[in-house]
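Number of protein chains: 4
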Amino acid sequence: MHLSRLDQFNYLRQHTLKLAAPLSAEDQCVQSMPDASPTKWHLAHTSWFFENVVLLPFLPGYEVYDVSFAYLFNSYYEALGARHPRPQRGLLTRPPLSQVLAYRHYVDTAMQQLLRHVEALSPQVLALIDLGQNHEQQHQELLQTDALHLLSCNPTLPAYDDGIQLTKGYSQTLQWLTFEEGLCTFGRAVDETGFGFDNETPAHQRFVQSFQIANRLVNCGEYLAFIQDDGYERAELWLSEGRAQVLNDGWQSPLYWLAPNDPRAAAGQWQVFGLGGVKALDPQAPVSNLSFYEASAFAEWAGARLPTEFEWEVASQHPGMHDMHGQVWQWTRSAYEPYPGFVPASGAVREYNGKFMVGQQVLRGSSLATPVHHSRHTYRNFFPASARWQFSGLRLAKDI
Amino acid sequence: MHLSRLDQFNYLRQHTLKLAAPLSAEDQCVQSMPDASPTKWHLAHTSWFFENVVLLPFLPGYEVYDVSFAYLFNSYYEALGARHPRPQRGLLTRPPLSQVLAYRHYVDTAMQQLLRHVEALSPQVLALIDLGQNHEQQHQELLQTDALHLLSCNPTLPAYDDGIQLTKGYSQTLQWLTFEEGLCTFGRAVDETGFGFDNETPAHQRFVQSFQIANRLVNCGEYLAFIQDDGYERAELWLSEGRAQVLNDGWQSPLYWLAPNDPRAAAGQWQVFGLGGVKALDPQAPVSNLSFYEASAFAEWAGARLPTEFEWEVASQHPGMHDMHGQVWQWTRSAYEPYPGFVPASGAVREYNGKFMVGQQVLRGSSLATPVHHSRHTYRNFFPASARWQFSGLRLAKDI
Amino acid sequence: MHLSRLDQFNYLRQHTLKLAAPLSAEDQCVQSMPDASPTKWHLAHTSWFFENVVLLPFLPGYEVYDVSFAYLFNSYYEALGARHPRPQRGLLTRPPLSQVLAYRHYVDTAMQQLLRHVEALSPQVLALIDLGQNHEQQHQELLQTDALHLLSCNPTLPAYDDGIQLTKGYSQTLQWLTFEEGLCTFGRAVDETGFGFDNETPAHQRFVQSFQIANRLVNCGEYLAFIQDDGYERAELWLSEGRAQVLNDGWQSPLYWLAPNDPRAAAGQWQVFGLGGVKALDPQAPVSNLSFYEASAFAEWAGARLPTEFEWEVASQHPGMHDMHGQVWQWTRSAYEPYPGFVPASGAVREYNGKFMVGQQVLRGSSLATPVHHSRHTYRNFFPASARWQFSGLRLAKDI
Amino acid sequence: MHLSRLDQFNYLRQHTLKLAAPLSAEDQCVQSMPDASPTKWHLAHTSWFFENVVLLPFLPGYEVYDVSFAYLFNSYYEALGARHPRPQRGLLTRPPLSQVLAYRHYVDTAMQQLLRHVEALSPQVLALIDLGQNHEQQHQELLQTDALHLLSCNPTLPAYDDGIQLTKGYSQTLQWLTFEEGLCTFGRAVDETGFGFDNETPAHQRFVQSFQIANRLVNCGEYLAFIQDDGYERAELWLSEGRAQVLNDGWQSPLYWLAPNDPRAAAGQWQVFGLGGVKALDPQAPVSNLSFYEASAFAEWAGARLPTEFEWEVASQHPGMHDMHGQVWQWTRSAYEPYPGFVPASGAVREYNGKFMVGQQVLRGSSLATPVHHSRHTYRNFFPASARWQFSGLRLAKDI
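Sequence lines, in order, name chains A, B, C and D.
Counted from 1, the first sequence has number 253 at position 253 by the numbering used here; the numbering is strictly sequential.
Counted from 1, the second sequence has number 1107 at position 107 by the numbering used here; the numbering is strictly sequential.
Counted from 1, the third sequence has number 2205 at position 205 by the numbering used here; the numbering is strictly sequential.
Counted from 1, the fourth sequence has number 3158 at position 158 by the numbering used here; the numbering is strictly sequential.
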């Protein structure tokens, strides 16, 4: 079925509200750490993006909903003015949630006005609307991971949604698929149809050495074996920075695992906290909420390594691969760098991706929290090596 | 009019809710700094106190409302078990406000059951109920100062209550009242009737040298003159720790003053943020929200000094003194120490006061946020020298 | 024997060098923590004091040794200009030790020139010279405690001086001496002959309640019993701030005690590191290197309390008291506050004491590292409640 | 001339001492920041490396000089036991410099014994000796950069060596050399003769897009123009992390530049502090002591970008390139990652390079402080993006 742009927009915006629905106004206001944002802030910021990037420049006569929002809900766009400090987003008890919802409605109405005459819109405006929608899809995922982190800070470990249907693990024999060396093309052409972020461009050639890659993700049972083999204590398995963090922060398992004797929910067995609350650890489910350091140490322990983002992209087009999308983001060995010939998008959205191209690692694929239609085999997600609050796991690779 | 104990209790508990009423569920949930607590936490903790100190030991058959609350809402009573870390009180989006209100109601009902047969209660139980009520009155004041701090972190500076009637400044000529040296009695006898905290006991003698003390508080106009005379830049006026803090934190005025060019509310003149929102600075209003360091530096600049808590207590019984109570707490030169012969209260409430007797300064009097009937001339409030978020000002004294 | 002022001065200055002698140029250069200073800095700063406070104002024609030293070796005198930041004193590898010694010699020569005509010197100059000498005596003690701290940071635990003769413990039955309440005079008159610091003035009356005080110090055997009775784990014994520090810093014994299994010098028994190196714990030696928090918790455990500084001063003039001086400084329950009528010294030395009169506790007595003739029963030493690197112990007191 | 292995070894070890010679024992002991190490530590650690990696395993009957040194002078080799914490290296005033020199002599004597019968040594031992020598050469450079940092912390800005002959700038017209796209081979074969680190292996193919690269380094005059064009204030030029650091640390110029009004050496013109002391800024000298962030922002300002490490390696073999070596290390756009097929060296030296392969950027070339014969066009140096205390500059590149 083909949705009109207006329908697409409306569906997207409704979906964000649906994701926020299990959370109270209190849940939606609080910020649990500087890296995470309150739900209410996500709701407002995604609207701010449409307001400042689309409506103000391109809808004649548009009047801003509230002049203070330009400051309150800018994330990091220096070109769009000063902004409220990120670690203090959770102090914004005002505007109340009800007003942020009214703001969304106001922006929606204006956007609908624009989209009702979509044929009159220039390709530039359409591209910015596409960007705004993909931007909101990114925040739909963050809304869930940030909310989960907040709930995990509560000693009572409340569920985001008891009835949530999470993907389940299933038995899948691990197979090593072999890829021969060769010149391949990666990324997206600048003028390719369909949406892509600037960091996926331009399409370009790379020489990739022969490699093997696992046809499935590492699962919780395998990761538990790593823990039980003293994986967190054996310095030789870890990158130096990772070792330091393990010692400093006392890491002994993935972020949301509860040890058998955890005082919050002692069960005599390992459990995992997730969007559906505390559940018994499922050995066949993909391991999640790992840092890059942990993924790398596990791979070392397993006698393998992480794939590069290019190996992942090559393999992603092969039929025998499982769970490339929709379960967990997969850490790669690749640092987040510009592609050869990369030119950032122009205008206010120039800052969208390029200015983060140092000090982060690329993740490929997508997760259970990634919106449908937001996945691509060229998609480049990125987080610092220490980040654990995303749905991040791994897939193994090997030299031949 | 004489209120029964039951009526007193009901009035007290209602008053706390009335103070919380101007705040949304979001406002009541967020914690703006480790020193401050969310309103919702105050609502729950004061109920927790009655539940754990009065109901559980003394109401036969009482069942706790929720077992997790013993952990969540303990403040610092080691004897009553483990507790949620203070800096993370704001992460408790659950239980929701509605449930905390239900908790209050549940506790109230049980307390009412007890108080309906007040004649059957032992002096010990009555004393603990008195303590619980005075404890809640203390939190009534903190609820307001903590809420004000939270609102001050919002760039839009919303008012707690636009219609609030704050005390106003008035013209009052400063006079120096003279007190001759002599032996005086301070504090409260252990067996004195009426309520007092353990830190006010025992009554004891001290020799006080002759001194002079101002009949009124230092006002905003005088403090502005200090600022304009470069008071914050002149090292010789400051205690060494205070000087370090001024430089480190960039202090240039009391906590809630807005300079004429403040970007949040530029007005071309000094303004002050308070419970009623942003108002023009009133030169005759008492200066408030000072640290001890600032109070001390001002006194030095004025060729005077802060009174000791004992000078304040002597003077408090003198007719010509203005605003000893009900405007701002008054920093004294006295560190918070036990009185000679001090013995902490026994049982769980042993930790109420004594364990804080180091590293803090005594403030005397009471403030506009102190509940009626909660003031006494023997009352000893205490905060670290750097604290500025209380309604704290000063009164000058001099040697003769 | 009566020493001339010139002889006194020469002896003092030689003694400082003698104390530095066991330390290499490397030892004398390094700073082990922000609170401690390098020996070389002590050597230079004490000379800087004479240069800036005595020679420059009062020796006609005196030329400063090196203009950069005014900046490098000022400690905290704002009136004498900008200064090198305290935590960075250890980065001053230049000037080298040899040049600092030459600086000392240069200053000594000029001072000797002044002191050879002592009869020509005004009382003001003589008082400043006295102050400079007492100042240097204070630094003689700090030189030792700072050096000991530095050496304690070395895993090999080198001795400051193997042959050092430390005071030894001896059997002394504990007796409680009783003092009746009454008005007493404390401190020193402003015009009293002999040297005293401004913070000991003025002489003034206080009313002291009846009390008991121990005739001897708490010893290591007693403190070990406190440790073995889980003293560091029992929250009810500790001030709230002390408890937080114990948990945060992992304190389990006095600063320089080595547990029987300490990896640096495992001996199967408790040992103590001191100026003479690592020695077996002597149960009868006074316990030392305690924070105020630990002293206070021990007293609580022992069913007693710390004396006030005034109780100590009253008792100090009584014949039956042992070890009031020359072993360890004794923490008192008294915060460091100005005496009634206190007026700081005038001129550059105004900042000597008064600006520290907040947030610290008074210690009375003197220690094994205090120079002879630097002890007085009116002497008020002061450190923050958390300080442990001084030779600080305790004596118990009780209410009656 | 061909030096025997013994002569090479002796020359190397003497050269380290020669580099330390301008520094006093005090200079050699102090640590100015956690990233930098004291000279004495470098002297000891390089000897420790020979002792533990070569002598203990391969010289029969070798006895360690001092058992405590295994702990004190291990840098980061987990497989070789526990180690003294890096930020506390500067607290090791013992062993004294004289003893460290004796340690060096002792190790030298044993190594000479081994090297006198070089024909009897296995290839494995020879490779470890080579590694030890290259390791010491790396520390020769660090010794200088760490010493310079220490001296820069002294307000008097003493010169490391007044008479040092630093390379001088010279007029060199900037030319853009063009390289066509193609498959090229990078790195070193595992079995290539001559020394190389494991991180330079294996030789492998990459496809490199067409690019242009500058034939010379960016010089101080150009960098000054960037500063004067408000380069440090213009957010759009900076990576997000870099912008945050500029604001947080107040960066306004390269690390050792002194603004015309710098209080330490006000000269009315820009100056630069270096190994030879403070000198007037030479506009034609290569800019140095930049972070990656600054290099990247400058390139953006100049309408160019940093080269990848592979572009640099391609260009390095081209005749028209100037100053690829011997002036400043050149930041590249490449994150420090393993080459395809990378296998770390085995045994204790396994930890030499591989465990740092995350969160750092590659620098290529070599600097004025790099020992002769330590440069290679395949050499991969690496530091965090924020590091500024190395002799690090840049060369521009461009897409075509």
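The hints are simulated quantities; they were obtained by calculation from the structure and are not laboratory data.
There could be a bad hint or two in this list.
Label-pair distances were calculated between CB atoms; the ranges are [stated by the list, open to error]:
(1) A:A259 to D:S3098: 22 to 30 Å
(2) B:A1082 to D:M3033: 49 to 57 Å
(3) D:M3033 to B:R1234: 58 to 66 Å
(4) C:D2191 to B:Q1317: 29 to 37 Å
(5) B:Y1076 to C:P2319: 58 to 66 Å
(6) C:A2082 to D:L3017: 22 to 30 Å
(7) B:G1250 to C:P2263: 40 to 48 Å
(8) A:S171 to D:V3067: 50 to 58 Å
Below, in silico cross-link-like pairs of lysine-lysine (DSBU-like), each with a Cα-Cα straight-line distance of 35 Å or less [stated by the list, open to error]:
(9) A:K18 to A:K398
(10) B:K1168 to B:K1398
(11) C:K2398 to C:K2168
(12) C:K2018 to D:K3279
(13) B:K1018 to A:K18
(14) D:K3168 to D:K3279
Pulled from the structure, derived: some chain D residues nowhere near chain C, Cβ distances all over 10 Å [unchecked claim]:
(15) S3068
(16) Y3071
(17) Q3088
(18) A3110
(19) L3177
(20) Q3205
(21) L3224
(22) W3301
(23) V3343
Glycine included, C-beta positions come from ideal geometry on N, C-alpha and C.
Do the hints match the structure? See the list:
For the hinted restraint 22 to 30 Å between A259 of chain A and S3098 of chain D, the CB-CB distance of approximately 52 Å leaves it violated. Distance hint for A1082 of chain B and M3033 of chain D: a CB-CB separation of about 40 Å, inconsistent with the stated range 49 to 57 Å. For M3033 of chain D paired with R1234 of chain B, a C-beta distance near 34 Å fails the hint of 58 to 66 Å. A C-beta distance of roughly 36 Å is found between D2191 of chain C and Q1317 of chain B, which places it inside the suggested range of 29 to 37 Å.
Remark: the range hint 58 to 66 Å for Y1076 of chain B to P2319 of chain C is contradicted by a beta-carbon distance near 45 Å. Distance hint check: the CB atoms of A2082 of chain C and L3017 of chain D are about 39 Å apart, inconsistent with the given range 22 to 30 Å. The hinted window of 40 to 48 Å between G1250 of chain B and P2263 of chain C holds, with their beta carbons roughly 45 Å apart. Look at S171 of chain A against V3067 of chain D: about 54 Å separates their beta carbons, and that is inside 50 to 58 Å.
At roughly 42 Å between alpha-carbon atoms, K18 of chain A and K398 of chain A are farther apart than 35 Å, so this suggested pair is violated. Among the hinted pairs, K1168 of chain B with K1398 of chain B is consistent with the structure: their alpha-carbon atoms are about 27 Å apart, no more than 35 Å. Annotation: proposed proximity of K2398 of chain C to K2168 of chain C holds, straight-line Cα distance about 27 Å (limit 35 Å). Distance check on the hinted pair: K2018 of chain C and K3279 of chain D sit about 41 Å apart at the alpha-carbon level, beyond 35 Å; violated.
Proposed proximity of K1018 of chain B and K18 of chain A is supported: the alpha carbons are some 34 Å apart, at most 35 Å. Among the hinted pairs, K3168 of chain D with K3279 of chain D is consistent with the structure: their alpha-carbon atoms are about 12 Å apart, no more than 35 Å. Not every CB of chain C lies more than 10 Å from the CB of S3068 of chain D, the least distance being 5 Å, so the non-interface label is violated. Interface exclusion of Y3071 of chain D from chain C breaks down, the closest Cβ pair being 6 Å apart, not more than 10 Å.
At the 10 Å boundary, the C-beta of Q3088 of chain D falls inside the reach of chain C, the nearest C-beta of that chain being 7 Å off. With a least CB separation of 23 Å from chain C, A3110 of chain D remains clear of the 10 Å interface cut-off, as annotated. With a least CB separation of 44 Å from chain C, L3177 of chain D remains clear of the 10 Å interface cut-off, as annotated. Residue-level check passed: Q3205 of chain D sits 49 Å from the nearest beta carbon of chain C, beyond 10 Å.
With a least CB separation of 28 Å from chain C, L3224 of chain D remains clear of the 10 Å interface cut-off, as annotated. Consistency note on W3301 of chain D: stated as away from chain C, and its beta-carbon is indeed over 10 Å from all of that chain's, at 34 Å minimum. For V3343 of chain D, the condition that its CB be more than 10 Å from all CB atoms of chain C holds, with the nearest at approximately 35 Å.
Going down the numbered hints, you'll see the structure goes against 1, 2, 3, 5, 6, 9, 12, 15, 16 and 17, while the others check out.
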